[in-house]
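The whole structure should be built from the sequences, with the hints applied where relevant.
Number of protein chains: 2
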Amino acid sequence: MNIQMIEAAATRASGITRRTPLLSAQALDAIAGRRVLVKPECLQHTGSFKFRGAWSALTALPEDQRAKGVIAFSSGNHAQGVALAAQKLGVPAVILMPSDAPAAKIDGTRSYGAEVVLYDRGRESREKIGAEIAAARDLTLVRPYDDPQVIAGQGTCGLEIAEQATETGVTEADVLICCGGGGLTAGIALALEARAPGLRPRPAEPAGFDDTARSLLSGQRETNAKEAGGLCDAILTPSPGEITFPINARLCGPGIVVTDDEVLQAMALAARHLKVIAEPGGAAALAAALFHGTEIAGDTVICTISGGNLDPDLLIRALSG
Amino acid sequence: MNIQMIEAAATRASGITRRTPLLSAQALDAIAGRRVLVKPECLQHTGSFKFRGAWSALTALPEDQRAKGVIAFSSGNHAQGVALAAQKLGVPAVILMPSDAPAAKIDGTRSYGAEVVLYDRGRESREKIGAEIAAARDLTLVRPYDDPQVIAGQGTCGLEIAEQATETGVTEADVLICCGGGGLTAGIALALEARAPGLRPRPAEPAGFDDTARSLLSGQRETNAKEAGGLCDAILTPSPGEITFPINARLCGPGIVVTDDEVLQAMALAARHLKVIAEPGGAAALAAALFHGTEIAGDTVICTISGGNLDPDLLIRALSG
Numbered sequence: 001m002n003i004q005m006i007e008a009a010a011t012r013a014s015g016i017t018r019r020t021p022l023l024s025a026q027a028l029d030a031i032a033g034r035r036v037l038v039k040p041e042c043l044q045h046t047g048s049f050k051f052r053g054a055w056s057a058l059t060a061l062p063e064d065q066r067a068k069g070v071i072a073f074s075s076g077n078h079a080q081g082v083a084l085a086a087q088k089l090g091v092p093a094v095i096l097m098p099s100d101a102p103a104a105k106i107d108g109t110r111s112y113g114a115e116v117v118l119y120d121r122g123r124e125s126r127e128k129i130g131a132e133i134a135a136a137r138d139l140t141l142v143r144p145y146d147d148p149q150v151i152a153g154q155g156t157c158g159l160e161i162a163e164q165a166t167e168t169g170v171t172e173a174d175v176l177i178c179c180g181g182g183g184l185t186a187g188i189a190l191a192l193e194a195r196a197p198g199l200r201p202r203p204a205e206p207a208g209f210d211d212t213a214r215s216l217l218s219g220q221r222e223t224n225a226k227e228a229g230g231l232c233d234a235i236l237t238p239s240p241g242e243i244t245f246p247i248n249a250r251l252c253g254p255g256i257v258v259t260d261d262e263v264l265q266a267m268a269l270a271a272r273h274l275k276v277i278a279e280p281g282g283a284a285a286l287a288a289a290l291f292h293g294t295e296i297a298g299d300t301v302i303c304t305i306s307g308g309n310l311d312p313d314l315l316i317r318a319l320s321g
Numbered sequence: 001m002n003i004q005m006i007e008a009a010a011t012r013a014s015g016i017t018r019r020t021p022l023l024s025a026q027a028l029d030a031i032a033g034r035r036v037l038v039k040p041e042c043l044q045h046t047g048s049f050k051f052r053g054a055w056s057a058l059t060a061l062p063e064d065q066r067a068k069g070v071i072a073f074s075s076g077n078h079a080q081g082v083a084l085a086a087q088k089l090g091v092p093a094v095i096l097m098p099s100d101a102p103a104a105k106i107d108g109t110r111s112y113g114a115e116v117v118l119y120d121r122g123r124e125s126r127e128k129i130g131a132e133i134a135a136a137r138d139l140t141l142v143r144p145y146d147d148p149q150v151i152a153g154q155g156t157c158g159l160e161i162a163e164q165a166t167e168t169g170v171t172e173a174d175v176l177i178c179c180g181g182g183g184l185t186a187g188i189a190l191a192l193e194a195r196a197p198g199l200r201p202r203p204a205e206p207a208g209f210d211d212t213a214r215s216l217l218s219g220q221r222e223t224n225a226k227e228a229g230g231l232c233d234a235i236l237t238p239s240p241g242e243i244t245f246p247i248n249a250r251l252c253g254p255g256i257v258v259t260d261d262e263v264l265q266a267m268a269l270a271a272r273h274l275k276v277i278a279e280p281g282g283a284a285a286l287a288a289a290l291f292h293g294t295e296i297a298g299d300t301v302i303c304t305i306s307g308g309n310l311d312p313d314l315l316i317r318a319l320s321g
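Residue numbers (UniProt numbering), protein chains in the order written: chain Y, 1 to 321; chain S, 1 to 321.
Hints are supplied without guarantee of correctness; some may be wrong.
[As the list claims (entries may be wrong)] A few chain S residues facing chain Y, derived, Cβ under 10 Å:
no., residue
1, G15
2, R19
3, S24
4, A30
5, D107
6, K275
7, A278
8, I316
[As the list claims (entries may be wrong)] From chain S, some residues computed to sit far from chain Y (all C-beta separations above 10 Å):
no., residue
9, A13
10, P98
11, L118
12, A134
If you are wondering where the hints come from, they were derived from the structure by calculation, not from laboratory data. Using N, Cα and C, we set each Cβ at its ideal position, and we do this for glycine too.
Laid out in C-alpha cells, this is it:
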C-alpha cells in the first residue's frame, strides 16, 4: 500500500465519485471548544464513503474477471457501494446481507440492481455461504476493508481532506475517523501521511466495539466481546483488519471511544447545524469531536461523517432526544 | 444588473462562501421519471443561500458606511445571512424578525452576534420600526431581494450550477428555483443566461403564495391573498420584487406551484436519499421536480434546495408522513 495506489484510485474515480465539501457551523465549534471541520461522506453516492472503495476495487480488476461479476458481504454500506459500482460498470453483483440489517440498506442495495441474499447473522456463516456462491458462479469477492484497492479507494477521501484542510489554512489537526474494520481510517491515514503530515488520523469507535482503540494500545489485533447488537451497525466489526491494522498502528494517534448517547446527540446536532443526516456509525467521529475535547489536541479538529443510511424511526429518535 | 456584477460578487466571495455540490440519487430519478440534480444550498453557511446575497451586499458597501452597521428584516434566512456576514466583517447588525418566526431561525440569528428585534407580524409595520432604528443609528438597510448586490450574490449560485451542469454533461434542462421575492431566481437566471443559456430557470412556489407564477402569466406584479400562515415560511412574500420581477419576466419559464403535502414528501425524500435537511420553503423546487413531471421538459431537471433551517418537530412531522 502506498500513496501512488491512492492517486491511481483517484484518477480512476475522476468524474465518478463525488468530492464532498468540508462543512462547519459555529454552534458546533462552541460545543467542541475548537473549530470543527466535517467531511460529510453521507453525501457520497449511495450515502456513504464505501462507494469510493468499491469503485476502486472493481475498476482495478482485470476486465474479463470483472465481467463475470462480484460478490460482497455487508450490513449495508459496503453492499450499496459494491452494488452501485457494479451497476455503473454493467457487471452482476451478489450481496450477502444479514437479515437484521436496516431495511433502508437492504432496499438501497436492491435498488442498485444487486441480487441480495439474506442470512441469519446468529446461525449462519456468511463466509461459507459466500464462498459457495462465489465458487458456483465464478464471482470475485470484494472485501469490505481488507483489500488494498478498497483501502486505496477510501484513501481518496483522505486526499480531499488534505487538499481542503490546506485550502482552509489548517496544517495541524487531529482527523477523527469513524472506524469499523479500519479501511477508511487506513486509507485516510496513508493519504495524510503523504499529503498533509501535520494532520493526525485517529479512529473513533462506539463503546463495546472499540477493538481498534484497544489494539492500538496493546499493539496487537484485539477482539470485541460482542459481534452485534450495538447502535452503530455500520462500524461493528469483530476485530481490526489484517491489512488495515498494521497501517493504522503505524500512523494513527490513540482511538476515541464514544457512547451511544453521544452518538445520538451528534446525529441531532449534525441535522440541526450542518443540515446533513448521519447514521449512528457515521456520527461516531463527530461525537468524539464534540464530547471528547479533552482527548483532542489543537484549535481545529476534522472529522468524518462516514455515512447517512438509516431507518427514519432512528433518525426521529435522535431528533427527539 | 449584469453578469459582471455576479462575477464581481463571486470574486469577493472567493474562499468565503461554500461551493455546494450537485447531488443526485437514483431513487429520486425513478420518482421524477428523469434525472434529478439537486443544488443543496442548505449546506451553505447559515443553512441557506441567503449568505451569498448578504455577503455580496455588505462587501459592496463603502467601508465607512459598512462600519456603521446594517439592518435587515427577515423571517429568518436573510436574517442569519446578514448576521453572519456582518460578524465576519466585524460590523454591527440589527435584525427585525417576526415574533412567530421558527425558534431555530431566531436562535441562529442571535448566535451570529446580531441584535434581534422582534415585532408582531399582524399588528406592527416592520418597515416603520426598521426605518426608525436605521435613522436613529445610521444603519444601512440590506433588503432581502430588491437589491442589485443581493441579487448578484445569489447569482453566484447560478454560476456554480452552470459550471457543475457543464461538468456533468448537461446543457439543456429546466432549473427549478424555490421562489419568494425572486432574488435567488433572478440571480440564477442572469447567471444562466450568460453561462449556460440552454438551462431554463423556473420558479417553484407553494399554493396560495404563487404570486410569481401568476405574475409571469399576467405580465405584471400580482399579489397573494394571504401574507402569512403557510408551511413554507421562507418563501412567503406578498408579491414579486420591483427589481427581481422584470428580470424574471424576461428570463424565466412558467412557474410551478406545489402543495404543502408535496413539500413534506420532498423533505422526507431529501433526507432519505440525499441525506440533507430541507426546510419547507427549501423543498418547493424538489417537490416540483418530483411531483410535477408533466410540467417539465427534458430528460434532466436541476433544482435548488434553498435552505434547511427548521424546528426539529417539523422535520419529525415530514419524516413521519
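Against the structure, the hints come out as follows:
1. G15: holds (8 Å)
2. R19: At about 7 Å, which falls below the 10 Å cut-off, the nearest Cβ of chain Y leaves the hint on R19/S intact, so it holds.
3. S24: S24/S check passes; min Cβ-Cβ to chain Y is 8 Å, inside 10 Å.
4. A30: holds (8 Å)
5. D107: holds (9 Å)
6. K275: It holds, given that the least Cβ distance between K275/S and chain Y is near 4 Å, below 10 Å.
7. A278: holds (8 Å)
8. I316: Result: holds, 5 Å to nearest chain Y Cβ.
9. A13: Label holds. Min Cβ-Cβ 14 Å, cutoff 10 Å.
10. P98: Per Cβ check, P98/S is outside 10 Å of chain Y; nearest 21 Å; holds.
11. L118: Its Cβ never comes within 10 Å of chain Y, the nearest being 21 Å, so this holds.
12. A134: holds (26 Å)
Against the hints set out earlier in the document, no violation occurs for any number.
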